[in-house]
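A.B. asks: Each chain, letter by letter, is given below.
There are 2 protein chains.
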Amino acid sequence: MPRVRTFLPIVAIALLGCAHPPFDPDAEAHKLLQRDAEWSEVASAGKDVEKTISYWSDDAVVIPQGQPSIEGKAAIREFVTASFHTPGFSIRWKSEKPQFSADGKLAYMRGTSTTTVPGPNGSTMTLQGRAITIWRLDADGQWRCVVDMWNDPPAAAPAG
Amino acid sequence: MPRVRTFLPIVAIALLGCAHPPFDPDAEAHKLLQRDAEWSEVASAGKDVEKTISYWSDDAVVIPQGQPSIEGKAAIREFVTASFHTPGFSIRWKSEKPQFSADGKLAYMRGTSTTTVPGPNGSTMTLQGRAITIWRLDADGQWRCVVDMWNDPPAAAPAG
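So the sequence lines, in the order shown, correspond to chains H and U.
In short: position in the first sequence from 1, add 9, done, that's my numbering.
In short: position in the second sequence from 1, add 9, done, that's my numbering.
Please keep in mind that the hints were generated in silico from the structure rather than gathered at the bench.
The hints are all genuine.
Pulled a few chain H residues facing chain U out of the computed Cβ check, cut under 8 Å:
(1) 74
(2) 117
(3) 163
All values reported here derive from a predicted model rather than from experimental measurement.
For glycine and all other residues, C-beta sits at the position ideal for the given N, C-alpha and C.
Taking the hints into account, I'd like the entire structure generated from these sequences.
C.D. replies: Here it is in structure tokens:
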């Protein structure tokens with residue numbers, strides 16, 4: 010069947026032109042959540058600035074509640090360095106239920122964070138936060154955070 | 010050329026299998042910004058609850074600064090109805106620079122909002138906000154907002 014044999018490479022070339030490999034949402038969700046959990050571990054240790062900022066893309070934007078937006082890797086490095094040098098600072102977070110674009114190349118997740126910051130008289134205050142992170146699958150096959158925004162949950166009812 | 014004529018439908022079918030039409034980022038950005046501006050107009054009029062909530066997807070999540078998250082269309086309807094019934098309430102926003110997934114089916118934008126709310130002694134207070142909205146191109150070809158989160162910019166320096 011010489012004609013069939015000639016068809017196949019053409020179909021294969023046409024399919025390669027689709028430019029996206031098969032996308033398995035469950036596998037990708039697992040991968041992204043694992044990467045985010047690893048990021049939280051690195052950040053919570055509060056020591057390795059370069060490793061911590063490697064999870065953001067070079068063009069990432071961080072929009073913290075009540076503080077100026079932080080645009081790009083250099084500004085994020087300063088932000089993280091200052092945080093890690095703040096006595097009493099710590100952060101830890103957990104994200105959930107990644108949602109993907111149909112092609113599996115962009116994703117977003119909701120998350121919750123716990124931060125400790127210096128309080129009055131040498132104490133520390135613990136703050137809860139809610140976050141949205143948006144992630145991009147870069148050409149090197151690595152997920153990186155491109156937008157990182159958080160705000161305050163409702164004020165807790167007074168105890169007792 | 011009988012062989013070439015036979016090839017073409019096969020290549021066409023293979024290409025249709027790619028399942029996404031050509032995506033023009035500039036055209037889609039224009040379309041999305043226009044839709045967002047139209048949404049702000051409808052919301053700022055403060056009258057048409059159903060039209061206002063039609064820009065969110067049925068599964069949308071709204072995460073307002075300092076208030077409980079609002080999940081799904083029914084809860085969003087209550088939220089918007091309550092806002093529109095609040096004397097002195099108004100909202101207006103502007104988004105910019107949409108960023109798209111490679112397939113053009115998911116997008117996000119930064120935005121800024123101006124809200125007026127009741128203040129002390131019958132006055133109104135004007136609040137500035139920063140927002141991230143995430144948009145999904147639904148199967149009917151319409152962009153709908155799936156995540157809508159905002160927080161406060163840094164407190165303004167005291168005037169004078």
